[in-house]
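Enquirer: For the record, the sequence lines run as chains A and B.
Numbering follows the numbering used here, with no gaps: position 115 of the first sequence is 294.
Numbering follows the numbering used here, with no gaps: position 140 of the second sequence is 143.
Just to be clear, a hint being listed does not mean it is correct.
Footprint (simulated), chain B over chain A, 3 or more residues, beta carbon under 8 Å [to be verified]:
hint, segment
1, 232-241
2, 254-265
3, 268-276
4, 283-289
5, 294-305
It is worth saying that the hints were derived from the structure and are not from the lab.
Ideal Cβ positions, reconstructed from N, Cα and C, are used throughout, including at glycine.
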Amino acid sequence: MTLDETDRAILNRMQDDLPLTPHPFAAIAEELGISENALLTRLARLKDGRVITRFGPFFDAAAMGGAFCLCAMAVPAEKFETVLTKVNAHPEVAHNYERTHRLNMWFVLATETPEGIVATADAIERETGIEVLRFPKLQEFFIGFRVAA
Amino acid sequence: MIDAKDREIIAALQGGLPLVPAPYAQVAETLGMDEDALLYRLADLKSRSVIRRIAAAPNHYKLGMTANGMTVWDVKDDQIAELGTQIGALPFVTHCYERPRALPDWPYNLFAMVHGKDRKEVEKKRAEISAILGGACRAKDILYSTRILKKTGLRLKAKG
């Protein structure tokens, strides 16, 4: 889908925190100089077009007592789709990317307890017969995930 | 920590907020609570960083940011705090973490995610990182993403 200037302004604004008020879209629409209805219509279109993958609260599993862990596997090409199905079947796999390296499958586990990371990674190893390397964060240097539209 | 009511709220919201004029009123109704009480709970969750922000997650590919490189670096341990802070502050770095090495295969301990409209742009940004790290960096690599295999975010079970 093609994006016009208004779509881009909406995307840039919507990546920043929204106010916790009864009518958050009205407040944003006013900032952007469009009507609330126009904003909602455009947001629905951006979501349908998958330009926005998700809209809502971003939760921090660690703050809930849970954990995140980046994991990587070296999956042989001929087994890739089979392994992918097994890995993605775990609801703890929050996202998963194919990457250009011998370690070609990189996914993030998000679990409600630190033990959940070990249990899920171990289960994936058992199911696939492939080692799951674990790269938990030791230090975070930046957390603003924002891209200019 | 979160209580049973917080858990219900999180379960109701992890799929996202409805795109309607009064989204919290609609969610509150499904939870059998009133809007004010829900907003109060959400403000509390935010103050405790259980909610980091309420926002849209863009699809980089659809925005023309089709090149996504995970740059990885082997940085001397006694310099990683200082250098990691500098790399994380670069405007084009969207995530930056120190992570454990997995020797001998994986010597890298600094991960910095870089997006660009093509690989050439990503390489240019990567060179800037390389210049900052200088002699403190002993090895480096870049892993481009070639496919999103899954992207759902955290899924919490309604009953724990």
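Enquirer: Hint numbers the structure violates, sorted upward?
Expert: 2, 5
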